[in-house]
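Chains as they are written, first to last, in this note's numbering: chain A, 3 to 218; chain B, 101 to 201.
Please keep in mind that the hints were generated in silico from the structure rather than gathered at the bench.
Just to be clear, a hint being listed does not mean it is correct.
Now the stretches of chain A that chain B is said to cover, found in silico as 3 or more residues with beta-carbon under 8 Å [unchecked claim]: (1) 41 to 54; (2) 79 to 86; (3) 120 to 133; (4) 146 to 156.
Yeah, the Cβ is synthetic: ideal placement off N, Cα and C, and Gly gets one too.
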Amino acid sequence: MHLDGKKAKSAEDRSSQDGRQDHDAFNRLYRENVDRLYRFAQRMCGQGEDAQDLVQETFLKAYRGLRGFRGEAQASTWLYAIAARACIRMRRKRKGEPDHELSLEQFIPTSTGELRLQIPAEGLTPEEALETKEVRRALHDAIQALPPKYRLVLVLRDMEGLTAKEVGSIMGLNERAVKSRLHRARLFVRKRLSQDGGRPRETGQALSSPAGRRRL
Amino acid sequence: MSSVQKQHASKKAQPLHPHPGHAKTRCLKIFRRLSAYLDGDLPGNVCQEIRKHVGDCPNCEVFIQSLRVTISLCRKYDTGPLPPAAQARLKLAILRAVGRA
Numbered sequence: 003m004h005l006d007g008k009k010a011k012s013a014e015d016r017s018s019q020d021g022r023q024d025h026d027a028f029n030r031l032y033r034e035n036v037d038r039l040y041r042f043a044q045r046m047c048g049q050g051e052d053a054q055d056l057v058q059e060t061f062l063k064a065y066r067g068l069r070g071f072r073g074e075a076q077a078s079t080w081l082y083a084i085a086a087r088a089c090i091r092m093r094r095k096r097k098g099e100p101d102h103e104l105s106l107e108q109f110i111p112t113s114t115g116e117l118r119l120q121i122p123a124e125g126l127t128p129e130e131a132l133e134t135k136e137v138r139r140a141l142h143d144a145i146q147a148l149p150p151k152y153r154l155v156l157v158l159r160d161m162e163g164l165t166a167k168e169v170g171s172i173m174g175l176n177e178r179a180v181k182s183r184l185h186r187a188r189l190f191v192r193k194r195l196s197q198d199g200g201r202p203r204e205t206g207q208a209l210s211s212p213a214g215r216r217r218l
Numbered sequence: 101m102s103s104v105q106k107q108h109a110s111k112k113a114q115p116l117h118p119h120p121g122h123a124k125t126r127c128l129k130i131f132r133r134l135s136a137y138l139d140g141d142l143p144g145n146v147c148q149e150i151r152k153h154v155g156d157c158p159n160c161e162v163f164i165q166s167l168r169v170t171i172s173l174c175r176k177y178d179t180g181p182l183p184p185a186a187q188a189r190l191k192l193a194i195l196r197a198v199g200r201a
């Protein structure tokens, strides 16, 4: 009995020590990554409560999975993978947003009016252009309109700055598939920005609408 | 309807014709590889071919520039940080959920 009691006490100590270590590791993980994850969440879900919900769900899952994380991947890549799965699940659940395939053919311009961007970005640096509300809104809307699996690739690769290989490991895709999706996602956003004010337009109206003519 | 409008209405939903003197297939071939080109993923000789074509094809030149700007805007598009109060609130909610607060 005495020996059993000692064993139990020792197991309790170990468990308490593990708990403290988890807690410390989580504090560090949260401190170092919360801004990064919130930025990612806003790009994926838009501003507002959805983004904060995604951050909370991601770190909650991370806390529970801390012992399974062996540090083979970077902590940020591990968190992106958790967040990506959570985000797609949340969006499907809340908005019934279906993923669909994008074909390259749909992005081939059909008139010269679709060749240029219809936002005030020409002759400006990207930073200057993004100071304009109209540009920020058009870009935000275009990204939000992307089917989720394409948005995820664009956000991770072009906005978060991950390599194609890292994006592939997060999404379970090979590099070739990542690059193919990225190309379609970029063409999608480009097409939206080539439409008046970033909004979809009836086909063939590029040059006949006054706004389209004005900006040519 | 003006003559310009009629002209464009007749082209409705047709892929854009390339610059005269260039094979449309060349424009489409480049179109498929534009991201790889802009990301520097293509071999030097292919890049050179593309540059040569673009130098002679105003439509491709304008299109590539618009894609380049689109990518730059995505790369520079930043959003605000999580306010400290929200950071603390979310953390507390997580710690409560795992029984550590």
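Checked hints:
1. Counting residues of the region 41 to 54 of chain A whose C-beta sits closer than 8 Å to any C-beta of chain B gives 5, which meets the bar of three, so the coverage hint holds.
2. Closer than 8 Å: that is the beta-carbon criterion, and the region 79 to 86 of chain A has 0 residues meeting it against chain B, so the requirement of 3 is violated.
3. Counting residues of the region 120 to 133 of chain A whose C-beta sits closer than 8 Å to any C-beta of chain B gives 6, which meets the bar of three, so the coverage hint holds.
4. Closer than 8 Å: that is the beta-carbon criterion, and the region 146 to 156 of chain A has 1 residues meeting it against chain B, so the requirement of 3 is violated.
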